[in-house]
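Visitor: Chains as they are written, first to last, in the working numbering: chain U, 1 to 114; chain W, 1001 to 1553; chain A, 2001 to 2253.
No lab work stands behind these hints: they were computed from the structure. It is possible that part of the hints are untrue.
What the hints assert, rightly or not - To be clear about the criterion: a stretch of chain W counts as covered by chain A if any three or more of its residues have a C-beta under 8 Å from a C-beta of chain A, and this derived list gives those stretches:
1. 1199–1213
2. 1219–1228
3. 1449–1456
To be verified - Listed next, with one range per pair, are the computed distances between beta-carbon atoms:
4. W/SER1285 - U/VAL19: 41 to 49 Å
5. A/ASP2144 - U/LEU61: 38 to 46 Å
6. W/ILE1477 - A/GLY2128: 51 to 59 Å
Virtual Cβ for every residue (Gly too), placed ideally from N, Cα, C.
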Amino acid sequence: MGRRGALVSEHVVSPKIYVVVLLALLLGTFLTVEAALRDFGPWNIVIALAIASAKAILVILFFMHARYSPKRTHLVIVSAAFWLIILLALTATDYVKRPSEQSRLAPPAAFYRV
Amino acid sequence: MPPSPDNKFPRDHYLNATYGIRSWLLTTDHKRIALLYLISVTFFFFIGGILATLIRIHLLTPSGALVTPETYNKLFTMHGVAMIFFFLIPSIPAVLGNFLIPMMIGAKDLAFPKINLLSWYIYIVGGCFVLYSFSTGGLDTGWTFYTPLSSVYSNSAVTPAVIGIFINGFSSILTGLNFIVTIHTMRAPGMTWFRLPLFAWAHYATSLVMILGTPVVAITLLLAGLERMFHLGFFNPAMGGDPILFQHLFWFYSHPAVYIMILPSMGVISEIIPTFARKPIFGYSFIAGSSIAIAVIGFLVWAHHMFVTGESTYAALTFSFLSYLVAIPSAVKVFNWTSTLYKGSISWDAPMLYALGFIGLFTIGGLTGLFLACLGLDIHIHDTYFVIAHFHYIMVGGAVMGYVGGLHFWWPKITGKLYPEALSRIAAITLFVGFNLTFFPQFILGYLGMPRRYHSYPPEFQVLNVLSTAGASILAIGYLLPMIYLTWSMRYGKVAGQNPWPATGLEWKTDSPPPTENFHVTPQVDWEPYDYNNRPDLGLAAGRPLAPAHGDD
Amino acid sequence: MHRTGELYGQFETLEQQKESAQLGMWIFLVTEVLFFGGLFLTYAVNRHLYFTAFGIGGNMLDLRLGTTNTVVLIASSFTMAMSVWSAQTSRKKLLPVCLILTLVLGGVFLGIKYVEYKQKFDHHLIPGHSFDLTYRINHPAPTDDPKELAAERKEIEEAARHEDPAEPENGLIALNAHAQLYFSLYFGMTGLHALHMIVGAGLLIWVIRESFKGRFSASYNTPIEVVGLYWHFVDVVWIYLFALLYLINRHAV
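So that you can see chain U by itself, here it is in the shape it has in the complex:
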């Protein structure tokens, strides 16, 4: 038995960490909206997904206690991400080599607006 009757496997995370993560997530939200309102060309989607992934990793590591969980949990999380990537990447091998709108036509002028 551990602290205050907790089970040995318990990992009690301090609320201070939760507050820091919360602020980081809110900051990330602010940043991603601001970035979306500016023109970075094809990098917009990359920035949006990168910030989303950073936020997701914070939620998983700290709110879901992954950082304090056994290696097995890490394997489970990595497997989920890996399999999702397989689904997307291998299907992409088909679609990148077929005509898309971008390869057929140039985007119109009024495509971009505030």
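Fit chains W and A to the given chain U structure using the hints.
Guide: Chains W and A in isolation, oriented as in the chain U frame:
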């Protein structure tokens, strides 16, 4: 022969622990749930079998005089749906896996017994939807539900079928979840990962596939069903959709699904061969590792089903190469089983006959898969009877033989009774002969160009088709015989005792039939698996003359 | 029904039981990742094929409501984590407060979703027979900003011309069809997410009731942890949905 430690039929066991229909329908005992599944999957096997019979009778003549072309489309579709989703995928995991995994690891039950029962009910509900579809217009899209035929143009009962398969997917997912957690957290003291029986490794790998693949087909069928109901356009070219996208999503699951169907069967073979060769299995860690390898690599090859449907050549090359890789771990298993047989003391009991049949037939099926994985060759043999023969060699010659062999091997444990040995060997041989006569001609037919899913064929193919149908009638007898004598044995069979073969697994160290809690005392494991040279408690020790394994004497 | 800290029959120890419950929930979440993953793939492929239409569709989503929802859900994840902490440190009074806050924030999210969906319905953006991208600009409401509508009209006309340079009318039909794909995915993905949130709300109601009975403490809090894992997962899905659906084609020239 060395006597079994306990030849008596136990007074109290899981079958008579409680009485009444409620005690069965509300049970949480994994062994009873396994029997509930046994009854349900056998029912769907009958449905699929009747449909197969109609197909083969129809194909006796080139112009197909039994049914109309539209009905023929329904026959092969429903045969596929019933057999794949409601028989093959659940069969070994839900019947033998459910029954044996807790016992093999020394646990009292699975990690989540109520979820286990729930998964059976989900299977039944899914099955009801599909039966409703079958009986109100049937299904004519092929078991692959390609769009836009299934989502727009078909006039058959697609929606209820799709709902039924969607629901059934969750049965699979929950079973897989239960097995993974159980194997991780519920092993008895001393049961380390590398002392696990290979049957457990096989089911662990299968469960990985169930967990990772089934949700994708669930969302795919949901999308196709929504498209059909609300005229959305994801997979309909007329609305800007892409039918190939459906195929990518569908095959992402359905290819690994074939590994769900074969991996458990390979696990059964890995249990049977050492027992009836009286030898430790050759290359335990390689067989264990190859199960995981098959599960992982199996997810990387799905678009080999789409070589000629319009995917880019770049993708086709990638998937063709990966498909050759996935054959390697399967071959590793075949080499290891064969090496186990070498210099073993072979007994020809029914389970062994099924296992040996598996090795030969699976090898043929697997090698012909490589024919199909070759891009240039596939252009000619795709959508022909070559494909049909290929997958029936693996699914029937492989998976079903493993299932029937496993049922025979563990029947004494499940029921406490022995089946008639001579009759069982005759049935095994009948099945083997009937199977080959049914499906080998189909390789030739496919090679000669007979397309699949056609209700008629050119007259020059008739002889081979008649041979195939004749084989099917023999195959049917091969299936019916065990159904009869296994049922008969429950009442009239000889008492089996704890360990009739004898075999070295943990499940054989408890009564036949087992008590509800599996073991009267939690076992402490301090021996290695398949240790046929060194188990004096079973009368198996180095230096003693090796006695052949026996069923009833 | 199971009582506080009681051992289920198939387990040997409470430790084993807790381990199993946690692993079980993580594996279930893996299946959910792949379930949503199929939708993400469909979105990715269709966006690749119909970039313009997806941009137009994305612009028609209300960024302020979407951002608000993101903030609300992140806050609810925080209160959920605090619930787990309360249970782990046996703060039996604080626990239901945090759980109720989580539930309330979840309710706010769903309420805002309802407002958004109603907006789409009013603007004829529900896929089906009455789907019409141009409905809003042709039937302006008194509260609509005329400059915004003019910009939208220009955007749609350009896009229609772009879809089919030879026949702008066909272009509008094609644009409508491709935008319908976008909105089908929008409703499909956010709808499935909302469904998961409703299930999460149900789970929260269950643990709130149990927490009022004082069932959870340092020695037994597995249901809170497990519900928390589910809730955080739903948050993670939204983080990606927000990026993919709301944040495309927002930039100024």
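Visitor: State for each hint whether it applies.
Guide: Here is what the structure says about each hint:
| no. | hint | result |
| --- | --- | --- |
| 1 | 1199–1213 | holds (count 3) |
| 2 | 1219–1228 | holds (count 4) |
| 3 | 1449–1456 | violated (count 0) |
| 4 | W/SER1285 - U/VAL19: 41 to 49 Å | holds, 48 Å |
| 5 | A/ASP2144 - U/LEU61: 38 to 46 Å | holds, 44 Å |
| 6 | W/ILE1477 - A/GLY2128: 51 to 59 Å | holds, 55 Å |
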